[in-house]
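Just so you know, the protein sequences line up as chains D and Z, in that order. Adding 48 to a residue's 1-based position in the first sequence gives its number in the numbering used here. Adding 9 to a residue's 1-based position in the second sequence gives its number in the numbering used here.
Hints are not guaranteed to be accurate.
So the derived label-pair ranges between C-beta atoms look like this [said to hold, decoys possible]:
id, chain 1, residue 1, chain 2, residue 2, range
1, D, E308, Z, M304, 39 to 49 Å
2, Z, E124, D, R229, 25 to 35 Å
3, Z, R143, D, I140, 52 to 62 Å
4, D, V199, Z, G206, 45 to 55 Å
5, Z, S309, D, D154, 44 to 54 Å
By construction, these hints were calculated from the structure, which means they are not laboratory data. The beta-carbon is built from N, C-alpha and C at its ideal position, and this holds for glycine as well.
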Amino acid sequence: MKIRFWGVRGSVSAPGPQTIRYGGNTPCVEVEGEGGETFVIDAGYGVVGLGQRLMEQGNGTTVHLLLTHLHWDHIQGLPFFAPIYVPGSQVIIYSVSVKTAQAAMDRLFTSVYSPIMGVENLGATVAYEEVTGVFRLGGVTIEPVILDHGVPTFGFGIQDGSKMVFHATDHEGGDRHCDSRLVAAARGADLLIHDAQFTREEYRRYRGWGHSHTDAALQNALDAGSRRLALFHYDPTHTDADVDGQLEMAREQVRDTSLEVLAAQEGLELEF
Amino acid sequence: MLVTFWGVRGSYPIARRDNVRYGGNSTCVQIQAPGEAPLIMDGGSGIRVLGSTMLDGPFNRGEGEANILVGHTHWDHILGYPFFGPFYFAGNRFTFYSAGQAEADLPLILEGQHEELHFPVPFDELRAEMVFERIRPGEQFTLGGFTIEAVQLNHPGITLGYRVEHRDAAVVIFTDTARIASVQQGQGMSEAVAEEGLATYQDHFHRGLVDLCRGADMLVHDSHFLEDEIVGKEHWGHSTALDALSLSREAGVRHLMLFHHAPEHGDDVVDRKLAFTRQAADGIGLKVSAAREGMAVELSETKK
């Protein structure tokens, strides 16, 4: 199984010299199964780069897009996702509800916000699937788990044979009930991708905003017995040096455990 | 009058290793003059960074006042508003000037960005006072010592360009506009063409742009496409650098600032666009620059 990070920044894109190493584009993660089945989690502006790569591979693609939720930073890249304009291509959107996903697409492409002037002007076919429980894409099994983020938000457990990745953003760690669901589903994950928007100090001011601090991500990774933790969804005000600091402190705290911590970086590819 | 660029990128904000010199934030321009409430044109992702600098002053005490000139409401021009810090402080006062839209008025359009499905903070939790004024293309109005005039541009929906004068200084900002000769994009334009005839309407529209730019110290203009890239995309509502140069020359503009760089263009491409345009402008007494994030241009107010 392969994981590619196309966008790792939370809330709003933050381009500039201060974010060049980890990346400033909003979330998008690509997952490739052992059998070659590919799917995409979230369509922040990171999805634009993925779209360009898919175009180079030729037309007529089917894109399976899993949406954690419908906050702008997780869907705003769709109007600039090249395959969505290609007749013969298909984009299948998996989300909490077909009705709200359709409403989100209508808003993204409506004439007041977009020169495309309506979702009916897309070249590709857009289909909607409501995620109500465990489902399969080729040989990959996907288990949705509701996270703590204000609006209904999915974490996704992705299992391919003996390999497992758990994708957990956006999530405010700390609520025992909600964390226990996440931990149970992420048990033994080879990789846990976890919201780490804030440092512990910052979190004091942002409690209730639906995001985790680094220590909460660490706690969930330790409780789940994950092999690796990837910090993800950085605050737009965080510079590369800030993320370095988050990573360094996290590694220091789990020095005596077998958990390996890394900070997700645009362009990073992990293989299990 | 000081013009500062906080976002110069068109279509969407983009973080790339090879665009950090010009910058990847989408459009936002600030205009300041001594003793005046600042003007802000557009709320692309650049406005987040502007907002954090404004919180060093009266906007952090709820004593700030600014006027916002809305060009249009496509995503790249509004997606930064929910991240503009000064909106969250009670006591600050913002007046938006916009053309409105047939489908929805500006408050509804901004509120739409705060729908619960899409954003965690409801619109009514923005504590600053917000006032919405509707203006018509061709209308002139004053804000303190600023004199402002708007014109409709050739871009899908209703898009305004603005001329802003303070004492003897004048800047014109056309963020998004296409050659009128190839296609008419703006709301109401096809009706006007039907009424006046194509040639007359084109001439009329073009005269309007030239008149508004006449003698401006600086024209900030859409230069999205390279000359070969616009072929087949004339209807996308954007210009090339040579389109901008041609208007500058005809209107006797002093300084052309290339703006709305395409997200696909790295710094080296913008460098080449600039070099090519400078070469084309050689000998006509026009200064040409390419807008960079963080760049501030002072326009002399007492030269004439």
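Output the numbers, in ascending order, of every earlier hint that fails for this structure.
-> Checked against the structure, the only hint that fails is number 3, while the rest are satisfied.
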